[in-house]
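Engineer: Sequence order for the protein chains is Y and V. Mind the numbering: the first sequence is residues 7 to 281 in the working numbering, read in order. Mind the numbering: the second sequence is residues 7 to 281 in the working numbering, read in order.
Don't read these hints as lab results, they were simulated from the structure. Possibly wrong hints are sitting among the right ones.
To be verified - So the derived list for chain V, only partly shown, Cβ under 8 angstroms to chain Y, looks like this: (1) Lys-8; (2) Thr-9; (3) Asn-13; (4) Lys-14; (5) Cys-15; (6) Ala-73; (7) Asn-129; (8) Thr-132; (9) Phe-136; (10) Tyr-257; (11) Tyr-261; (12) Phe-262; (13) Thr-266; (14) Phe-274; (15) Ala-276; (16) Glu-277.
To be verified - Derived list of chain Y stretches under chain V, where covered just means 3 residues or more per stretch with a C-beta under 8 angstroms from a C-beta of chain V: (17) 11-22; (18) 65-74; (19) 212-219; (20) 239-253.
All of these numbers come straight from a predicted model, not from anything done at the bench. Backbone N, C-alpha and C fix where the C-beta goes; we use that ideal spot for every residue, glycine too.
2 protein chains.
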Amino acid sequence: MKTLSENKCFGGVQGVYSHASKATGTDMTFGLFLPEGVEDGPVPLLWYLSGLTCTHENAMVKAGAQAHAALYGMAVVFPDTSPRGDGVADDEAYDLGQGAGFYVDATEAPWAPHFRMESYILNDLTDLLFSEFPLDAERQAITGHSMGGHGAITLAAKSPGRFRSVSAFAPICNPSASDWGRKQFAAYLGSPEAGTAHDATCLVRKGALDAPLLIDTGTDDQFGDLLKTEALAEALAARRAEATVRLQKGYDHSYFFVSTFMADHIAFHAEALAR
Amino acid sequence: MKTLSENKCFGGVQGVYSHASKATGTDMTFGLFLPEGVEDGPVPLLWYLSGLTCTHENAMVKAGAQAHAALYGMAVVFPDTSPRGDGVADDEAYDLGQGAGFYVDATEAPWAPHFRMESYILNDLTDLLFSEFPLDAERQAITGHSMGGHGAITLAAKSPGRFRSVSAFAPICNPSASDWGRKQFAAYLGSPEAGTAHDATCLVRKGALDAPLLIDTGTDDQFGDLLKTEALAEALAARRAEATVRLQKGYDHSYFFVSTFMADHIAFHAEALAR
């Protein structure tokens, strides 16, 4: 692991690190905020998964998470959204290839060799974080924005017991029925239908999500039709799942929206992590 | 004036606008956060002047000001740091020319035709803001980061009575004695010495600052030697000026530092603006 930068921030340290990932076969970069007092014992960890076109950096500098994580003594990790580099497949579209890993393990050419973001998050980066930093593996929570909201909900549903709470900002809720999902699942997995195993709405319908869930989505989200919030809201209510879905009047898809509700999300996770 | 974007943010609106400036002879872009409830009457205005290489956008997306401004019902304007465009002089160095206006009116070629940031801020943009938006001209405060901290203190000192409070994050404190200043004053004004009229330390020594001042600077600021905080601290103490200079242990020059202390600065200005 290599330290790229460390900046003091809200009493803690915002670091950026890189490491060789077995899952992706590439070097991967991530941001990690460690709160003040981390030396006194392991601290809980919140995962923040980012959306299309983002790197580890966008949320780290724009979402305002550190202020609130510092209040609760919580670490926050900001992984990248895909493998990157010259030997890594890519596509001209902003929503396929580098910057658009969709948090699945690709099975199809040319993506299969490197696009293994589910394994990267749940195995490689997890192993690295808990071996290198004073983090408490028993107290993990997960959140994300847009494609990262899809990642947060689906990775939590696919790893029962791992995350005590799950939240999402404007998540892609039903990608196997959306243009934000069908194309990517076809490319990475061979068919849009293969994506149902990685679709928040489908997973919730099967009762796979075992952690409390908080979702915020703006009523003026410019990508509202692609998110399909209504499908997940229906599935959650039908399953009587412990969930809150808030439609926030006038907000759009930007970090101005994300940062506005960050305090609520971190308080929600802090409550679950304190139990 | 043209609206480039408007995003709902912390109950208010973060807008980006452009307008033709007489002072610079160019189109200028600025960000403006208007808090919720602005329609009920004019609200106070905090100016945030940015540092070298920044546009109107950096602080607007990274400094975390809106969260705190929203709490106090305060507007925040984020001006650009220089004129820009094809017909505008520039230099290869990051600290001269476009992105490095230093908040003075240039008198020398090739800068004089467009580099008039003091007039732009104090006249053009001021006139536009108070005619186009429900802002209270009697309740203005000013802050800034690095070169923008220099701008905040010096523009306040040069316009007595206009700003009720002044603050700065890691300001350039004594530019006429620093490599961040001497080169620029020589280029824009003809000599480093001409910069003493635009130097926070020199202005404070003359008793020109009539508003309370708050400064935060990190002990690990990588540009600490260029800032010359010690000169301004000495001048403030010698003048018995109403000022607080805080050296913050372990912090550097980044927005991670700025965002950490933003809440304190906005609370400081809110108190002055409530009087």
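Engineer: If a hint holds in the structure, say so; if it does not, say that too.
Structural biologist: Hint check results:
1. Lys-8: violated (19 angstroms)
2. Thr-9: violated (15 angstroms)
3. Asn-13: holds (4 angstroms)
4. Lys-14: holds (4 angstroms)
5. Cys-15: With a minimum Cβ separation of about 4 angstroms from chain Y (threshold 8 angstroms), the hint on Cys-15 of chain V holds.
6. Ala-73: For Ala-73 of chain V, the interface hint holds, since the closest Cβ of chain Y sits about 7 angstroms away, which is under 8 angstroms.
7. Asn-129: violated (30 angstroms)
8. Thr-132: violated (25 angstroms)
9. Phe-136: violated (24 angstroms)
10. Tyr-257: Holds: closest Cβ of chain Y sits about 5 angstroms from Tyr-257 of chain V, inside 8 angstroms.
11. Tyr-261: holds (7 angstroms)
12. Phe-262: holds (4 angstroms)
13. Thr-266: holds (5 angstroms)
14. Phe-274: violated (17 angstroms)
15. Ala-276: violated (18 angstroms)
16. Glu-277: violated (21 angstroms)
17. 11-22: holds (count 6)
18. 65-74: Since 5 is at least three, the answer is holds.
19. 212-219: As far as the segment 212-219 of chain Y goes, the hint is violated, because 0 residues have Cβ atoms under 8 angstroms from chain V.
20. 239-253: That given contact is violated, which follows from only 0 residues of the segment 239-253 of chain Y lying within Cβ reach (below 8 angstroms) of chain V.
Going down the numbered hints, you'll see the structure goes against 1, 2, 7, 8, 9, 14, 15, 16, 19 and 20, while the others check out.
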